[in-house]
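Enquirer: Going line by line, the protein sequences match chains A and B.
Residue numbers in the first sequence follow our numbering, run continuously in steps of one, and reach 455 at the last position.
Residue numbers in the second sequence follow our numbering, run continuously in steps of one, and reach 455 at the last position.
It should be emphasised that the hints constitute simulated quantities derived from the structure, not laboratory data.
There's no promise every hint is true.
Using 27 Å as the maximum straight-line C-alpha spacing, the simulated DSSO-like pairs for lysine-lysine come out as follows [to be verified]:
| # | chain 1 | residue 1 | chain 2 | residue 2 |
| --- | --- | --- | --- | --- |
| 1 | B | K432 | B | K98 |
| 2 | B | K432 | A | K414 |
| 3 | B | K118 | A | K215 |
| 4 | B | K442 | A | K268 |
| 5 | A | K449 | A | K120 |
Now the stretches of chain B that chain A is said to cover, found in silico as 3 or more residues with beta-carbon under 8 Å [what the hints assert, rightly or not]:
| # | region |
| --- | --- |
| 6 | 199-213 |
| 7 | 329-338 |
| 8 | 429-436 |
Everything numeric in this text was worked out from a predicted model, so none of it was measured.
Even glycine gets a Cβ: it sits at the ideal position worked out from N, Cα and C.
Protein chains: 2
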Amino acid sequence: MTAKTTSKARKKTAKSARLTVDSSAGSSARRGVKLTAAPRNAFYAQSGGVTAVINASAAGVIETAARYPRAIGKVYAGRHGIVGALHEDLIDVFKESKATIAGLRHTPSGAFGSARFKLKGLEQNRAEYERLIEVFEAHNIGYFFYNGGNDSMDTAHKVAQMGESLGYPITCIGVPKTVDNDLPYTDCCPGFGSVAKYVAVSTLEASLDVASMAKTSTKVFVLEVMGRHAGWIAAAAGLAGRGRDEPPHVILFPEIAFDRQAFLERVKQSVDRCGYCVVVVSEGTHDAQGQFLADAGTRDAFGHTQLGGVAPVVANMVREAHGYKFHWAVADYLQRAARHVASKVDVDQAYAMGKAAVELAIGGHNAVMPTVVRKSDKPYRWTVGQVPLAKVANVEKKVPRDFITADGFGITEKCRRYLAPLIVGEDPPPYKNGLPVYVRVKGVPVKKKLGPFKV
Amino acid sequence: MTAKTTSKARKKTAKSARLTVDSSAGSSARRGVKLTAAPRNAFYAQSGGVTAVINASAAGVIETAARYPRAIGKVYAGRHGIVGALHEDLIDVFKESKATIAGLRHTPSGAFGSARFKLKGLEQNRAEYERLIEVFEAHNIGYFFYNGGNDSMDTAHKVAQMGESLGYPITCIGVPKTVDNDLPYTDCCPGFGSVAKYVAVSTLEASLDVASMAKTSTKVFVLEVMGRHAGWIAAAAGLAGRGRDEPPHVILFPEIAFDRQAFLERVKQSVDRCGYCVVVVSEGTHDAQGQFLADAGTRDAFGHTQLGGVAPVVANMVREAHGYKFHWAVADYLQRAARHVASKVDVDQAYAMGKAAVELAIGGHNAVMPTVVRKSDKPYRWTVGQVPLAKVANVEKKVPRDFITADGFGITEKCRRYLAPLIVGEDPPPYKNGLPVYVRVKGVPVKKKLGPFKV
Chain A
1 MTAKTTSKAR KKTAKSARLT VDSSAGSSAR RGVKLTAAPR NAFYAQSGGV TAVINASAAG
61 VIETAARYPR AIGKVYAGRH GIVGALHEDL IDVFKESKAT IAGLRHTPSG AFGSARFKLK
121 GLEQNRAEYE RLIEVFEAHN IGYFFYNGGN DSMDTAHKVA QMGESLGYPI TCIGVPKTVD
181 NDLPYTDCCP GFGSVAKYVA VSTLEASLDV ASMAKTSTKV FVLEVMGRHA GWIAAAAGLA
241 GRGRDEPPHV ILFPEIAFDR QAFLERVKQS VDRCGYCVVV VSEGTHDAQG QFLADAGTRD
301 AFGHTQLGGV APVVANMVRE AHGYKFHWAV ADYLQRAARH VASKVDVDQA YAMGKAAVEL
361 AIGGHNAVMP TVVRKSDKPY RWTVGQVPLA KVANVEKKVP RDFITADGFG ITEKCRRYLA
421 PLIVGEDPPP YKNGLPVYVR VKGVPVKKKL GPFKV
Chain B
1 MTAKTTSKAR KKTAKSARLT VDSSAGSSAR RGVKLTAAPR NAFYAQSGGV TAVINASAAG
61 VIETAARYPR AIGKVYAGRH GIVGALHEDL IDVFKESKAT IAGLRHTPSG AFGSARFKLK
121 GLEQNRAEYE RLIEVFEAHN IGYFFYNGGN DSMDTAHKVA QMGESLGYPI TCIGVPKTVD
181 NDLPYTDCCP GFGSVAKYVA VSTLEASLDV ASMAKTSTKV FVLEVMGRHA GWIAAAAGLA
241 GRGRDEPPHV ILFPEIAFDR QAFLERVKQS VDRCGYCVVV VSEGTHDAQG QFLADAGTRD
301 AFGHTQLGGV APVVANMVRE AHGYKFHWAV ADYLQRAARH VASKVDVDQA YAMGKAAVEL
361 AIGGHNAVMP TVVRKSDKPY RWTVGQVPLA KVANVEKKVP RDFITADGFG ITEKCRRYLA
421 PLIVGEDPPP YKNGLPVYVR VKGVPVKKKL GPFKV
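Only chain A is shown next, with the shape it has when bound in the complex:
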């Protein structure tokens, strides 16, 4: 499965002043690059919450960029994302060994450091944009590859706008990443397939545990998963079983207003029918008034609210209503860092998105993001498309109502057809002494040419 730019896209004019593309190259735009100017450097950054496969996208960007030396000189990674660009804290990626770059494919989290940092609009904070240009110019950066989710696509879009409005030639390509799977226009998001697999596998395993304990001990198990606004991750738990009597018996989505009475009745039904009940709850589950359950439940010894954690709130609610013995787990970072149980489809797509980003840039595109385009469910086939950043920025894709059963507690066959292929295939990391061998970058800094950034 390789990246293919559409013919419509290929007809777009190259935006970079110093890089022109021979559009006569036909369907293999990426192979038909002819350069009329010296190569420029690329900036790559990781942004927002990291995933088990964001480094696979990094490997895709870096290894592909290395194949275009006439267009791309060096690849500089921002240490801690865009913050690294602002502070001229750049890593010379080509000084890493080939083995390290290849190893990024099986290494979770953000090897170059990520950042939660959203650029304001150009009007609100001109200084930041001027600094970015200053840094980019000082290091001859002509490509901006930004690997992140909704907010990050907004940042990438703003950098592209800045390039236009301030007259600085830069090619901006987003590289999609988010465990939340809430980016629009792409069939799915790299990072999601692996967290989905982790959650489905963990739900399956923990369910077997509760089932074997239920006769004399724990009857209800609650697993809290990520997803503040979109319930994709919780939905993935549904892959662990089929039908009403196989766990998980209850899924709580942020898309469905929490109905305490209906929930408690459903739990009781499951215990009566099956002997136990497994509940998977999105961190973002809230009531009809929009109040998060996680905020409503707990107070510490000093009376302060918000220890966080919706699982204990839900578990306690069940105990108070029915007296069942319970256990609960909060997967938190474990779920999005679990490279050891990554989905092969997800790893492949993450790499493909990084590769496609470079190919789109080389092909003369700007202000776009490569996407996963599903060709068929079964057998699962996908290819690479693209979408303008302007369309992606700040739009959230939630779980559609027809992916959730009428009672609001499970997933439909339609949802299952969508999710099932995304967790397929194993791609375990190498192990040594019982532990995965994850690579660490040396992080050789690029020599600074500017003074410090003053905010």
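For this one, chain A is given, so just place chain B on it according to the hints.
Expert: Here is chain B on its own, set in the frame of chain A:
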């Protein structure tokens, strides 16, 4: 690595009245069995909290028993452990397919159902013992294989005593199992190696996540692991890194009284030195007065204490002291059910313990438990020994003080040498459609011969 009974052990007189062993069979006692009576049936039960590999022990018992048809007729599993025996709720294990029994080796949790049920002393509850004998007699049960931890070894020991004092001939062998690793006389416990591997891998992965976020976001990550009285599981997290500056930076053990001030200082030091801090906390961590931190922290909206969960308590403590942004996870059942990342050493030992239990019985031993005997650390070599149940019952093995660093927050090299071999090797289950293929037993019931048990 196969089970070998020691020559000293072999010289013991066979306890079962109907089964005699030809002790002239030399070192291969298990091959030298000569029977002078009809075979008797075996009862097998799973007890207490289940593990990722307790079913591997079941496979070891069942497959080995099947090789001694002249001694062992059928194997009946108690549905939900000893409770199944009391209620004459028995599963005819030989009616499962060979593939299912073999599949138990890679299936987590208790396939036959476990139970938290501790027999009282013979004086306190004679009715239960008389019922057990009634059931055993009705089904010609001459072997009792009990797969569990401390409490379970106590139960097995009581059944053996009952056999003697009530004149019912039964061979009782314990099969060690506990994620807590707190059984004495055995170098380690089946179940522990896999949870240790899960915790070490998860700590490694989550640490990479926090490290990449720390610059602009989460600085402290707290992972809560099991271990109410013994900190073996928390200790295993220490395998994820080496030295003071590699995560986990702080481990909180039940063996070390919690010192709030020292803890908070240590967290701050880690953040100052490394930019972030990873804390792994045993659920059983308590202060010098013996109060569990988990009990001290949270109240629900109604003012009730004890939602459980020490991780949020610790994380909140850090936030209040230092203001760091935090995340926390509670692994709970996920850690002990995680067969997908089991330790191969652990799986092998679990199977070997089940196998050895049958061989000990066939060899004429009674009221004993097979043990793992470590021959060397590096290369790791182990063999199978045995210990009388009377010695094991109700004794807890805690983490020795010299396995914990002087400051109380880490593991020593001695501890590392002990733990390291136990997580070695991968033994992934088969996968289909992205999920592990775990077997489920049909659970064909043995026809009841008695009336219901009235408590």
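Enquirer: If a hint holds in the structure, say so; if it does not, say that too.
Expert: Verification of the hints:
1. B:K432 to B:K98: Status holds; Cα separation ~20 Å.
2. B:K432 to A:K414: Satisfied, since the Cα-Cα distance of roughly 20 Å is no more than 27 Å.
3. B:K118 to A:K215: holds (14 Å)
4. B:K442 to A:K268: With a Cα-Cα distance of about 26 Å, the restraint between B:K442 and A:K268 holds, given a limit of 27 Å.
5. A:K449 to A:K120: holds (25 Å)
6. 199-213: holds (count 12)
7. 329-338: holds (count 9)
8. 429-436: holds (count 5)
Violated hints: none; the structure is consistent with every hint.
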